[in-house]
Amino acid sequence: MTVDLTAVVAQADHSQLAGAIVSGLSLGTIYALLAMGFVIIFKATQVVNFAHGALATVGAFITAGVAVELNFPGRFLDLPPFLGWAISVLAALALSAVMGMVLERVFLRPMVGENLFSVAIVTLGMNVILMTIVTDYIGPDPRSMADPWGDAVADLGFVIIAHTEIAQFGVAVALVLMVAGFFRTRTGIAMRATAFDQEAARAQGIRVGAIFAIAWAIGAVLATVGGIFGSVYPRRVGVYPDTALLVFRAFPAIILGGLDSVLGAVIGGLSVGVAESLAGSYLNHPWFGTGFSGIVPYLLMVGVLFIRPYGIFGTEEIRRV
Amino acid sequence: MRGRPHLHTSYSADQALMPTVTKKVVLAVFLGLAALAPIASSIPFYPDFLGDNDWMKILSHVAIFGIGALGINLLTGVAGQVSLGHAFFMGLGAYVAVVFGAPPGDLWGLGLPMWIWLPMAGIIPAIVGLLVGPAAVRVRGLYLAFATLGLVFIGEWAWRNLKFVTGGAFAGRKFPEFQWRVWKEEEPVADFASDGVWLGFEISEEAKVYLLMLGFLVVATLVAKNLQRTRTGRAFQAIRDRDIAAEVMGVNEFRYKLTAFGISSAFAGVAGALFASFVGRQIPETWDLFLSVEFIAIILIGGAGTVSGALMGTAFVIVLPRLVQDFTEWLSDVIERGESTLATVADVVVAVSPEDGGLINTIPGVGPGLSVFQLNQVLFGLLIILFMIFEPLGLYGIWLRVRNYWKGWPFTY
Amino acid sequence: MKSKFRWLAMVMAVALIAASCGGDDDAEPATTAAPATTAAPATTAAPATTAAPEEEPMDEDEPMDVEEPSDMMVATDIGVDLDGGVIKVGMLSDLTGPFGGLVGLVAAGFNAYWADVNDQGGIGGLEVELVYRDTVYSVDNHVQFYEELKDEVVAFGHSTGSPHTVAIRENLEEDGILAIPLTWYSGWSDPALNANLLSHGTPYCIEAMNMIGYMHDIVVDSGVDSPTLAIASFPGDYGLDSAEGARLAASALGIEVVYDGSGAVIPGQDNAPIGNAIAQSGANIVWITANAATLTEVYGAAISQGFEALWSGAAPVWSQALVAPDSPIKDAIARDFYTSIYFSPIIENNPGTEFLRELMAKYAPEVPLIDYVVEGFIESMILHEALNVAYENGDMTQSGVLAAAKSIENIDFRGLAPSESYVGGANERLQRQIWINRPDPEALAAGTSPTGIRVIERAYTHPIAADYVFEEACYKLS
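Protein chains in written order, with the working numbering: chain E, 42 to 362; chain S, 3 to 415; chain Y, 133 to 610.
Simulated from the structure, these hints should not be mistaken for lab results. Check before you lean on any hint, since a few could be wrong.
What the hints assert, rightly or not - Short, incomplete list of chain Y residues facing chain E, as computed with Cβ under 10 Å: (1) 233; (2) 401; (3) 434; (4) 436; (5) 459.
All C-beta atoms in this analysis are idealised placements derived from N, C-alpha and C, irrespective of residue type, glycine included.
Whole structure, please, built from the sequences with the hints as guidance.
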């Protein structure tokens with residue numbers, strides 16, 4: 042029963058600053074993924090998606106369902122764990138994409154042409170419904186992602202980092218490049234045209250409805266990836282319903298970068314993550330009270346809005362009579 | 003001129019609060035009925051359960067949230083400034099009230115009477131609202147919604163840490179009771195916090211509080227309704243409809259946006275103070291984003307921009323959960339008796355035993371199906387969506403259609 | 133003409149509304165009578181003559197004979213219907229809020245216990261019906277549902293949450309109604325607070341003293357002269373009561389507190405910096421009072437830095453999910469973690485747990501046997517005793533049940549928990565015993581321990597806790 046306490050390592054080798062920055066970047070990439078999906082949906086369809094948190098939670102829950110409950114593809118094939126899990130995740134992402142498209146078709150297509158705010162409120166309603174149902178399904182215990190990395194960590198000398206976080210950085214970079222590449226494809230250009238002017242795009246023969254569906258599919262996939270990385274070690278042992286709160290924390294990132302800038306979402310996400318983590322590590326004076334790091338993103342957001350009311354990379358609205 | 007309701011011969015007639023006799027009569031009857039709710043059981047043809055203490059509490063809740071809804075309606079419905087920060091101002095009002103009204107003790111409290119703490123609960127949030135106003139001039143539309151959302155989170159941090167005011171997170175504190183005192187004397191002049199005898203009738207604490215809240219709601223409604231038809235109200239609407247056009251016409255955007263935030267925050271503050279005292283004890287987690295969303299939902303379901311819509315929306319949103327609860331209990335009772343074909347239908351909807359499947363699960367603990375609370379949540383979300391898609395004018399719009407139908411009846415076209 | 137029609141329309145609309153309200157009115161009596169929430173199908177036809185096998189140990193001065201209801205004169209007011217043969221008990225439960233998982237299990241225990249009592253003939257032939265209301269851990273709902281149920285039930289089987297229970301305390305006193313608090317707040321021992329409450333179990337504060345003492349002894353035995361402690365907790369009565377207990381124990385034992393994050397763990401925020409700070413502090417012992425989700429954030433961040441120490445926290449921190457087969461941290465948790473609980477875990481073998489397992493298998497086989505089911509049984513046994521005594525006194529009014537409850541000198545839980553008494557001073561009544569467990573992933577995977585633990589200490593009290601003299605709550609709710 043006695044525990045070998047000599048195993049307590051000398052943490053002083055690793056700089057606290059480097060740890061806080063890496064931990065902030067890791068949080069920031071999750072924010073960036075969530076923010077990117079949000080911005081793509083907003084740009085292409087003019088919908089402010091308050092249900093983005095629900096998309097992330099449901100997506101992560103679907104992943105857990107496919108990987109653990111359904112045990113796909115493990116039940117059919119005996120694959121190495123990493124390959125098997127990758128296939129499960131791809132299947133879950135496909136399901137999430139379908140979910141995104143169905144939600145758009147059922148709840149938001151009827152709202153095309155309504156004012157921004159009314160549409161935003163519809164997504165609030167969607168959020169309430171999706172969250173209630175998924176909370177009921179998840180139940181009190183988290184659903185594990187069954188990822189192949191476990192609690193393995195790598196010591197890089199100046200900082201110790203979990204394998205999941207390394208994977209997360211890789212996946213995030215790949216996804217950003219893919220999104221950037223997508224906007225250069227024919228469909229991507231059509232989406233940009235739609236974002237610019239729906240009616241003109243339609244007049245040019247672009248199927249605006251299909252563009253909406255694609256935007257929601259991309260948004261749901263990015264949200265799911267964010268949800269998955271928010272639910273693995275070292276953050277969680279599985280998806281809890283409160284994964285959705287990650288998106289509320291990502292809102293400042295979205296506003297900071299500008300509602301309609303994909304680049305802004307990535308930069309906003311990373312900077313908010315790092316700011317939050319640094320505040321958590323260094324602003325510990327009693328004067329700040331407890332949980333000050335939680336409002337740092339919002340303070341940043343309000344500050345930026347005062348200087349640039351449409352975000353750092355956002356497009357200024359031209360006001361005409 | 004009689005009998006031609008839309009013929010107005012003077013500007014003042016056009017702007018009258020109650021343009022027709024009918025409107026006056028209906029309003030008087032409605033108010034009378036509302037005021038008589040505490041003695042519902044002794045009035046024939048009156049739903050007598052309304053006089054029960056728990057229903058008195060629900061109706062008081064409606065009255066208090068009605069005041070808050072009028073505030074958000076002025077800001078979001080009339081002036082078009084979408085704010086998710088309403089919960090912050092409600093919390094602020096509640097804590098101002100408690101600092102002025104609570105007796106001195108471990109936590110801050112000045113022990114001042116209600117005629118001081120209640121107005122202060124409006125004044126101080128109004129001042130803070132005026133400070134937020136300039137931001138609304140600079141930050142527009144959706145960006146404003148997000149900025150005010152930040153206000154809720156910053157508020158949560160403040161309430162959590164101002165322990166000497168709020169009692170601290172998940173702990174909270176007691177709020178002053180509804181007692182009218184001239185100053186700090188022992189015996190209140192009018193005590194709404196205990197059972198008593200009025201005009202020879204025994205009256206419960208809950209009924210007293212309800213009548214008091216109804217009185218506040220009537221005052222608040224008059225203020226809101228009057229404000230809408232003044233120069234200020236028209237300026238609000240002009241800004242909502244096209245801010246730059248309003249400016250061109252000479253409406254001072256800065257001044258009126260400030261006014262809108264100030265007035266709306268005052269309403270929110272008073273509603274928050276009343277609500278906290280009404281419940282008796284509050285934890286800081288009460289003033290969260292969901293409360294703001296609830297108010298947005300209230301005015302959307304009721305019909306944004308109209309006073310009657312805000313009030314109908316409040317009644318609907320507050321009373322609905324209780325009705326759903328009673329309905330599911332009634333359904334499981336039907337199953338329990340199991341005599342009619344209705345029981346078979348009800349059985350599909352409600353699960354009463356572990357083996358039983360059903361959409362709603364009335365057994366607490368572990369099991370599939372939605373609980374009554376979750377069902378209420380789903381209905382809440384669904385209602386928001388359905389109203390936005392099918393009836394953007396909300397309950398007020400439905401009322402208009404019903405009224406127009408009967409207006410022409412039997413010649414419905 | 134037109135305005136006349138309009139007037140008519142108004143009248144008709146009002147009539148329409150009145151009619152629809154009238155419809156509700158008809159439904160109302162049926163609604164209130166609905167036994168919507170009784171547990172299993174109650175077999176009222178079963179002969180109720182067999183004496184209850186789970187005989188409650190009676191006090192010497194109380195009569196042992198159980199009469200048929202018709203032979204006795206029982207005074208009643210609210211919540212007891214002699215003709216209908218029903219006793220209604222209110223349940224203010226957080227079924228879908230932040231503690232929904234825990235309280236759901238407590239409710240499952242309640243349901244099974246009372247299904248059995250009712251099958252055995254109830255309280256003198258009266259069937260007990262539990263009327264649940266889901267408060268979702270909101271004070272407003274709690275107060276509203278209290279108001280709704282107080283005119284319907286004879287007592288409250290439980291009231292979830294400390295601020296919530298404090299919010300209805302004055303009303304309970306005014307109305308003379310009994311409630312059993314479902315929280316282990318140390319303030320319940322305060323006579324100023326507990327006039328209408330039947331508190332039970334070891335408070336968070338004493339639990340922390342026991343565990344800090346226990347882990348201190350382990351660390352000292354392993355050769356460390358001056359152990360150090362890191363504390364992290366939720367804000368509020370739960371987190372701060374427990375953190376205060378840890379600080380008291382630390383100062384009594386001469387442990388240095390190297391990191392104090394009392395109230396710093398906030399659900400929904402990024403709690404990783406707390407884990408990093410704990411790792412930086414290099415403490416030997418970590419005491420964390422939060423929930424399982426936030427524990428994983430703090431713990432994950434700390435161990436990813438290579439930090440190792442003894443970890444423990446108040447009972448509600450523990451979840452079997454931490455050591456579930458696909459939990460990435462199950463080995464680390466099994467290595468580091470000690471968990472405690474206020475009553476006997478279900479895997480123990482004693483008359484109480486055997487009785488519990490039998491009832492759960494009979495009435496609720498689908499419910500996993502996770503330890504909080506025991507809490508449902510403990511509260512039920514307290515309630516059962518109170519109702520029994522009130523029945524024997526012939527006074528089943530709300531105040532009669534309260535008076536009966538407050539006269540109980542001894543309740544034996546048959547090994548499920550240390551016996552409770554509701555007479556005597558706060559210090560004699562204060563519970564100080566806890567059960568200490570280690571995580572056991574293998575037993576969870578094998579299905580032999582659904583809570584994922586094995587017991588290492590039973591009814592344990594550290595001298596620090598034993599010597600503690602209660603004067604006021606460790607953390608005061610103003």
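Going down the list of hints, with the structure as the test:
no., hint, result
1, 233, "2 Å, holds"
2, 401, "4 Å, holds"
3, 434, "9 Å, holds"
4, 436, "4 Å, holds"
5, 459, "5 Å, holds"
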